[in-house]
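Could you put the whole structure together from the sequences, leaning on the hints where they help?
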Amino acid sequence: MSVHVALVAVMAAIRTLTASSISLCSTMPDPNPAYYPGLLVDCRGLGLNHVPHGIPSDTTTLTLSRNNLTLLPGDAFTHLHELRELDLSRNQISRLLPYAFRGLGKLIRLDVGRNELPLSPQTYPVDLFKPLVSLNTLLLNLNSRSVSSSPDLAVKSRVVDTLQKGVLPSVLATPLHFVSEQRGRKSRVLGGRIPGLRGPLAADGPRSEPKASSTVMRSDQLEGAVGSSRDVELGYPDEALSHLPALQHLALDGLTNRTLGPGFRTLSQLTHLDMNGKTGYCKMFTFHIHTLAAVQHLTHLNMSDCDVKILTSDAFSSLQNLTSLDLSFNQALGFDLLGKAFRGLSHTKLTNLTIDAIVPFRTLGVIIDSQQLRYFRNLTHLERLQTRLNRIEAFEPGALCSGMPPNLKHVVANGNLFELAPYVNDLVCLESLAELDMSGLDAYWTPPLRPPDDDNNRHRNVCQREEVPAKRVTRRHSPSNSEDVCQGERFSVPPRLEVFRARDFGLQYNLEKVRIHASNSLRKVDLSENHFPRWQGPLCGFYYVEELLLMDTLAEDIDHRFFPGFPALRVLNISTNRLRDVFQRDEEGQVLSGMMNLAVLDLSWNNLGHLPNATLSRLESLKELYLHNNGMGSFVLQLSHMKKLQRLDVSMNQLHALPGHIRDHLDRVARTYNVTVDMTFNPIACICDNIDFLTWLRHTRVDFATGQGHYYCLQGDGSVVSVDNIIDVIERLERTCVSYVGVLIGASASCVIVVTLLVGALAYRFRWKLRYLYFASRLGLQRDKRHQEQDQQKFSYDAFVSFATEDQDFVMGELKSRLEDQQGLTLCIHTRDFTPGQYIASNIVDSVQRSRRTLVVVSRALLASDWCHYELQMALMDSLHTGRDVLLFLLYQHVPAHELSRDMLANLQATSYMEFPEEEDDGHVFWTRLARALKA
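Going left to right, the sequence shown walks through residues -19 to -1, 1 to 917 as mature numbering (1 follows the signal peptide of the UniProt record, and there is no 0) numbers them.
It should be emphasised that the hints constitute simulated quantities derived from the structure, not laboratory data.
Keep in mind that the hints are not guaranteed to be accurate.
Claimed, not checked - Just the calculated beta-carbon pair ranges, DEER-fashion:
| # | residue 1 | residue 2 | range |
| --- | --- | --- | --- |
| 1 | ARG515 | GLY699 | 37 to 47 Å |
| 2 | VAL826 | TYR894 | 20 to 30 Å |
| 3 | LEU27 | ASP705 | 31 to 41 Å |
| 4 | ARG831 | LEU886 | 23 to 33 Å |
Stated by the list, open to error - DSS-like, lysine-lysine: derived pairs with alpha carbons at most 25 Å apart:
| # | residue 1 | residue 2 |
| --- | --- | --- |
| 5 | LYS494 | LYS505 |
| 6 | LYS916 | LYS775 |
| 7 | LYS625 | LYS604 |
| 8 | LYS916 | LYS797 |
| 9 | LYS87 | LYS111 |
| 10 | LYS505 | LYS625 |
| 11 | LYS624 | LYS604 |
| 12 | LYS330 | LYS390 |
| 13 | LYS505 | LYS390 |
| 14 | LYS505 | LYS604 |
| 15 | LYS775 | LYS797 |
The beta-carbon is built from N, C-alpha and C at its ideal position, and this holds for glycine as well.
Structure, rendered in structure tokens:
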């Protein structure tokens, strides 16, 4: 008691010295809307030795981390009744007074991690947390620097001695962390050697998985081997923590061979326990059924990097509510030890399991067998499995079909050493699998892999693939995807698999005649960073794939049959390849044909240089186009058909400007969408000759992010300089170039005047000769007309009928009957009178020339027909060439003027036309007038 009084006296003496320290802190409204209208007081990193006085009473968040606090007085926070979050981490606090948190009844989150507060009942007084009735999250990690004291080491030694004396007869007299279980196995994996990583790999040779410990004990066997908590200095402060009725999230250091005491049983709301060694200190060594028996309400448990060496088969049996478990980086576990612990996990509701790096880094390639998975299949609630960096090379044939949980949907297994072996055919047994990631790692050298030889695959799947229901959608028929042309390598995939990733998998072969079962659900395929030099196709079965990633595959050739195998593709990334020659040879845009739904295309980092205009001519639905880092000095691609283009990235090229037709198209699209263009890191020509582009860049609605820097200006002297804001540069250029433009306009006007005077003088000098030529030409034209009138009897048809296919019933019905049968006219109708075997264009010209008139049946369908437009133009040319009236328009349907094309509207305004009568009573008069007009 005297010590406590002395401490209070000392704090009172220095209060005056610390009163002004609050002025160093920053105060602002708390950004958390749930804490409105509270304040956030930030006192981080100010070198404070004591809690500052004068903190506003309406503070809701207080941060005191990264200071030099060593002691928390009993009255430091008594006036902060509205405080919700308190951060005391990264200080040097070594002692907490019993009433250090008095007055904080509304506190929700408390962080005292990374201090000098080791887990011990002596460090945390029994009544310390009693005022924190609303506390939801408590962080006590990174306080127990030595999670195992000397008595613990003695206990560990006794455990090893006990094990060596016969508690487990299968374990020899060897240090525990080197005990391994030798089991001979034969590998059926076809592959090569990986020096220094996988070790020697020989077909049919013995294989084993070195393990730091494969010892499995039941809890009743372990109780006699582990000393009690009274023999050690460290221990979980369960009595102090028992006064936190609302606690849900708790972060602790993991102590060696310690169990959570009975005080934890009162924490009925505790669902998340974090003891991982990445964000705290954790050296647990043993884990058995009693270790966490006091927290049976847990749903999330993180024990990664805790140096677990002994794991009993019933360790997790008491955690029946567990849904998420992380045991990563416990490299002593191995799959044999973990496989037996799955027995206890089968009693839980586990849906998410993470087991990264549970084997030593230098382990030889691991083969997972059915014995290791015999309890794993009982985890019926498991939906997500993450098993990265485990040196997995293959699975024993049949292991996937017999040992995997039935509801597993997501598997992340990247960073392993997978080989293409017969187990690939077993993947079809994972009927619920929706996502599979088997990518490699850049840190590993992966040998070239090819698909397994079906002739050597004696294993047969236990699953019947055709009986598995799969999501079906309507498939577009494509000749290139017919079964007749797809006779290459065939793979079976899980029926519900939507996402497949195999980046840096070591694949090395040409993509040709690959097919998968048609009844699949694949939506996304990522095969980047493999070696596919030639993409030949055809690829079959990829009817529903919407996203395809083939980045950095060293591709040099793409056949036009390749991409039609992906009719539903919306996102295509083929960046970082060697496709310059492919696209420069593609004059007609065939390589990227057949993808009518493509919305995102990335061709970056391909050194494309100059591209033909038609390269992207068939991508009408494109919304995003990425062409950065391609050494492009000009941009002449046709984009006018891309009505939805919203992002164009041409950064890091050699572009000085964008041509006018590109600018006009972007402006049109910007009226409907938010359009973004990235031209950063291009040498934009900041000279008067480029003022049109620069002015447009300044005033356009297209977003160029000009205020964010990374723009470069090419000066008139050839130098390139970086500019912070290119708009300022453009404004200066506009003022500088005004005088230059005036001089140019004046010079142009002077030239026009001089040319006009010169032409006038020449016309006056030769005025009589010009008159003679005019009248001579006129007389010649009149003589030609008389000859044409004399030759009218040579016409084979009275009229050539130009109509759309949709109006064929009207033409072949009423029009033919009225004009040919009743009026005696001879009509040329293309469906009846065109000469078979000739080109359509030749038939049209011949029919127009052999007909006295051309009758155009105007309707909405005709306006949309390219051939009808061609027939109209040929009739106009014949009229200009012969000088006679050829065209006659019949308005079969009423079409508003704003729907007519410019050419059609001009012809209707300059030429008489006839409207089809709506009343039947007017029909006789109409057809008589029409026949007379055609004969005239």
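Structure-based check of each hint:
1. A hinted range of 37 to 47 Å holds for the C-beta pair ARG515 and GLY699, which are about 42 Å apart.
2. At about 23 Å, the CB distance of VAL826 to TYR894 agrees with the hint of 20 to 30 Å.
3. LEU27 and ASP705 have their C-beta atoms about 34 Å apart, which keeps the hinted 31 to 41 Å range intact.
4. A hinted range of 23 to 33 Å for the beta carbons of ARG831 and LEU886 is consistent with their spacing of about 29 Å.
5. For the hint pairing LYS494 with LYS505, the CA-to-CA distance comes to about 19 Å; that is within 25 Å, so the pair holds.
6. For the given pair, LYS916 sits about 14 Å from LYS775 by alpha-carbon distance, which is consistent with the 25 Å threshold.
7. Simply put, LYS625 and LYS604 have alpha-carbon atoms about 5 Å apart, close enough for the 25 Å limit, and the pair holds.
8. About 15 Å separates the Cα atoms of LYS916 and LYS797, which keeps this hinted pair within 25 Å; it holds.
9. Pair hint LYS87 plus LYS111 holds up; C-alpha atoms about 12 Å apart against a cutoff of 25 Å.
10. With a C-alpha separation of about 23 Å, the suggested pairing of LYS505 with LYS625 holds against the 25 Å cut-off.
11. Restraint check for LYS624 and LYS604: the C-alpha separation of about 8 Å stays at or below 25 Å, so the hint holds.
12. Our distance criterion of 25 Å between C-alpha atoms is met by LYS330 and LYS390, whose separation comes to about 15 Å.
13. The straight-line distance between the Cα atoms of LYS505 and LYS390 is roughly 15 Å, inside the 25 Å bound, and the hint therefore holds.
14. Only pairs whose Cα atoms come within 25 Å are accepted, and LYS505 paired with LYS604 is accepted, the gap being roughly 19 Å.
15. At roughly 22 Å between alpha-carbon atoms, LYS775 and LYS797 fall within 25 Å of each other, so this suggested pair holds.
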